[in-house]
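*Asks:* Here's the letter readout for the chains.
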Amino acid sequence: MGGYSDLTIWTVIVVLGIGTYLMRWSFLGAVGNRPLPEWAQRLLRYTAVAVLPALVAPQVIWPAATQGHPDPARLLAAAVTVAAGLLTRHTLWAILAGGAALALGMGLMG
Amino acid sequence: MRSACMGALQALPFLLVLVPFALLFGVVATASGLKVAQTMGFSVLVLAGASQFSALQLLNDHAPVLIVLASSLAINLRMAMYSASLTPWLGRAPAWQRAVIAYVLIDQTYGLAIQRFERQPQLSVTQRVAYVFGASPVLCLPWIASTYVGATAGSLIPAHWPLDFAVPITFLAMIAPMLRTLAHLAAAGVSVAAALAMAGLPSGTGVLLAGPLGMAAGALVETWQGRRTARARG
Chain A
628 MGGYSDLTIW TVIVVLGIGT YLMRWSFLGA VGNRPLPEWA QRLLRYTAVA
678 VLPALVAPQV IWPAATQGHP DPARLLAAAV TVAAGLLTRH TLWAILAGGA
728 ALALGMGLMG
Chain B
1068 MRSACMGALQ ALPFLLVLVP FALLFGVVAT ASGLKVAQTM GFSVLVLAGA
1118 SQFSALQLLN DHAPVLIVLA SSLAINLRMA MYSASLTPWL GRAPAWQRAV
1168 IAYVLIDQTY GLAIQRFERQ PQLSVTQRVA YVFGASPVLC LPWIASTYVG
1218 ATAGSLIPAH WPLDFAVPIT FLAMIAPMLR TLAHLAAAGV SVAAALAMAG
1268 LPSGTGVLLA GPLGMAAGAL VETWQGRRTA RARG
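Residue numbers (this note's numbering), protein chains in the order written: chain A, 628 to 737; chain B, 1068 to 1301.
Simulated from the structure, these hints should not be mistaken for laboratory data.
The beta carbon of each residue, even a glycine, is placed where N, CA and C say it ideally should be.
One or more of the hints may lead you astray.
[As the list claims (entries may be wrong)] Facing chain A, a subset of chain B residues (Cβ under 10 Å, in silico): (1) F1088; (2) S1118; (3) I1173.
[To be verified] Coverage of chain B stretches by chain A, computed from C-beta distances (three or more under 8 Å per stretch; other residues unrestricted): (4) 1094 to 1105; (5) 1162 to 1172; (6) 1240 to 1247; (7) 1252 to 1261; (8) 1274 to 1286.
Build the full structure now, drawing on both the sequences and the hints.
*Replies:* Next comes the structure, spelled out in structure tokens:
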């Protein structure tokens, strides 16, 4: 893992582990029966669909593996993954479809 | 006891998704240069697929440690919502049981538990805890074991495979089925647009700005739609 010491990586793992645990424990363990305010619930509902796409979008358009040049095989694989996910509503099928499209694309274009 | 068996049984189908997913994490993590022990550390201590992959992705991008932590923790913010939503059902269980449940509170355990509790509100607190305790080992132990298999068998995978793209595909495959409403689409759309616009910023910073923008967009659309429905009802 380029550029990080073992200690740094373990720090990331442990802090992420503790932080995640505390979020899971927060209400159940500490806050108790009080409901979250409506606006907070509303924002939290969208954490996953907002944070994950932001992480992935630049990698799809400018993959590091091709030195940041858009790559037809990877673009195709991304499009197929999203389409399969929307149609089947299942993560696993979408992964398989995207992986197959990537293999096919690399075979044809690579 | 019956509740525990029921939990274990109803958790089984989720393994179809969890096992390949954990295998993939093991493979990609070791291919990115993590040691087997570190890879296992992620699955045992964090026990949350999406944030494990996000941390991996950002480490691969050489992002600063604080950004890796902030982005990956942001993905797990939804766990606070799970915790809040289970409290009315489990709040009266002994503190140690609630502490254990917090550790195993992943997407699948939460989904199973809340469905069961809402459908059978007559269950006692003991039965509810038993249900979660039955379902959790079936979900969490294979997650950990499959990570190990992936981490140790990863070297069998040919070097020319485009494993770099496994994480993006995995994320897209997780997001697409979640896009159920206009508000979800708005959240994802705004976050993608913002992330691309801010791609020039130091690694990982774009996520921290684009993520909250997307969340706000989702919440705004939901509010707006709620008002419109209320008005239509008169």
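*Asks:* Are the hints correct? Go through all of them and say.
*Replies:* Structure-based check of each hint:
{"no.": "1", "hint": "F1088", "in the structure": "8 Å, holds"}
{"no.": "2", "hint": "S1118", "in the structure": "7 Å, holds"}
{"no.": "3", "hint": "I1173", "in the structure": "9 Å, holds"}
{"no.": "4", "hint": "1094 to 1105", "in the structure": "holds (count 5)"}
{"no.": "5", "hint": "1162 to 1172", "in the structure": "holds (count 7)"}
{"no.": "6", "hint": "1240 to 1247", "in the structure": "holds (count 7)"}
{"no.": "7", "hint": "1252 to 1261", "in the structure": "holds (count 6)"}
{"no.": "8", "hint": "1274 to 1286", "in the structure": "holds (count 11)"}
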